[in-house]
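Protein chains: 2
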Amino acid sequence: MGPRPAPRVSSLPRVSATILFGISLSFLLVRAVAWGQTDPLPSWNDGTAKQSIFTFVQTVTDPTGSLFVPPDQRIATFDNDGTLWSEQPIYFQFAFALDRVRALAPRHPEWKTRQPFKAVLEGDMKALAASGEKGLAQLLLATHTGMTTDEFTKLVVSWIATAQHPRFKRPYTDLVFQPMIELLAYLHASGFKTYIVSGGTVEFMRPWTERVYGIPPEQVVGTSFVTTYKLGSDGKPMLFRQPKIDFIDDGPGKPVNIQKFIGRRPLLAFGNSDGDQQMLQWTAAGEGARFMGIVHHTDDVREWAYDRQSHVGRLDRALDEAKGRGWVVVDMKSDWKKIFSFE
Amino acid sequence: MGPRPAPRVSSLPRVSATILFGISLSFLLVRAVAWGQTDPLPSWNDGTAKQSIFTFVQTVTDPTGSLFVPPDQRIATFDNDGTLWSEQPIYFQFAFALDRVRALAPRHPEWKTRQPFKAVLEGDMKALAASGEKGLAQLLLATHTGMTTDEFTKLVVSWIATAQHPRFKRPYTDLVFQPMIELLAYLHASGFKTYIVSGGTVEFMRPWTERVYGIPPEQVVGTSFVTTYKLGSDGKPMLFRQPKIDFIDDGPGKPVNIQKFIGRRPLLAFGNSDGDQQMLQWTAAGEGARFMGIVHHTDDVREWAYDRQSHVGRLDRALDEAKGRGWVVVDMKSDWKKIFSFE
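As you go down the protein sequences, you meet chains A and B in turn.
Heads up, the first sequence is in my numbering, so the first residue is 1 and it goes up one at a time.
Heads up, the second sequence is in my numbering, so the first residue is 1 and it goes up one at a time.
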């Protein structure tokens, strides 16, 4: 990790003062003030990224400071795939979709000869890739819609409890990043309300985010399908998932959905790809102290290393903007002592 | 107020037991257990509605009971217009729209000859009514869109601080129902998270709901306009309100939006019109104890009296369903000691 510009909050008067004492002193000082003797981020190596987090949290939670923010306005938004858990070799939601295609295949004999389903059933990843975004959308609609919301939740709960990641041979929820779990807990303890704002679909995440991240369903924002209300033949109401995208919560859709769902601009936002760039811009444009963070996947031994050339989680334009504007770029290899809790 | 069927929770075993002791005894018992010596609902007359609320809250918050619900699942949803504040002689948001038309008229000379704007500028309410839903939509789009979200918020903040209700000559926010304010506070104190789920547009409510109801912006759900993200010529990002409806949060749209925004089914829902019927059905269809309430406008002296024939806040089919299923119908005239705090 090369030298980085000072984090954005350091341009503010009260923070600048601590910098005069040098990084080490201010670091110890901030840590001691913020958390007493216990380090809330034990899986983070000491360094600029970790220090920037402490400095920011102390700045907005210090009631005597000029940049104090009342607890009810402490909103933090996190991307999910690649930011809170891994996203390789394919988005985990896509792995769910492929498993659903296999499970549903007996009911759809026509899939044996129709792409992209044929490719999934034959394990032909090349043909699957060739089906492109249109093929992906077909798979999503065929596996994520056409049932009630309650039925879909049951499918997710069952899959997330049993499916295993192909490389790590563990449940997908074991592949959450321990340093980010610690960051979420630290923010919760510091009065922040944390939200997920993900390109993944919202009802794929809600059944397990509270258990895994401590983030309740009502604080999960994501891509959604059109849902309609109807009364069943027994008079019982149901919400039915229609095979139509309602809103894509990615790129410029993220600040749009943050406004729609939360109605407040985040103080802190964390992402890992170009799909998070506008969320970070929107956060940065707020008044007072703001924190913009990017998880940079740099560890091909413990996790994966990818950025500008990747098809999954491409980080290119957002990386340039982060470097140009002094946003915090977390180098997974050097900034994280531990990536997964099972290491 | 005629006799009503027992509230829904009374069909449950532990509540039935209290009913054997008679209404008065159970009422005193529940109150004493729930709140010690202080009545959390002083503006409610003693009666079935008030008792039903106490019984329900005690049922779901009693950790030794079989119908206990953990705090994180205690979701309550409230309609706004006619449920938390008045909605006569016209929806208050519509009064805002009319004031905006008058304020914007100098910039739109063509409005002098074009309906429905002409009718607004001439105070011709008959012509305005004749323009129908299409006219209303035109007024909404012309006054609620075409600016950034920040600019719209400023307009609402300014209007709500200065506009006066024509009958009461007071700020519109004085026309909130004191008994409902007490109910919201009682629910908050009992661990509930309260949401507004309104047919009104969400960004008209968010600037003032926290101050007036104690409900923060992120717990306000409503009708929305399409919003787009763009960078200004100065590179500063903005969210621009487009003249297009995104979603109408009314009728069957309410349970759809409850699922989309909250992701949990409410334990308690309160409305006042047919536009709330599906939200109440969706709530009623949940397992365990649920509370469905309707505010019935029956007091033409202190507020207004209207239901089946009203153009604003019509209560017809939902009233029949409420009576048939034992939902709690609050009779404003007899159930509420006080309607507005200024009385």
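Simulated from the structure, these hints should not be mistaken for laboratory data.
One or more hints might be untrue.
Copies of the same chain look alike in the list, so a pair counts if it fits in one copy or across any two.
Here are the simulated EDC-like pairs of lysine to aspartate or glutamate, each with C-alpha atoms no more than 16 Å apart in a straight line [stated by the list, open to error]:
1. Lys112 with Asp124
2. Lys333 with Asp39
3. Lys126 with Asp331
4. Lys244 with Glu133
5. Lys154 with Asp307
6. Lys244 with Asp39
7. Lys236 with Asp331
8. Lys323 with Asp307
9. Lys236 with Asp150
- prompt: Of the hints stated earlier, which fail here?
  reply: 2, 3, 5, 6 and 7
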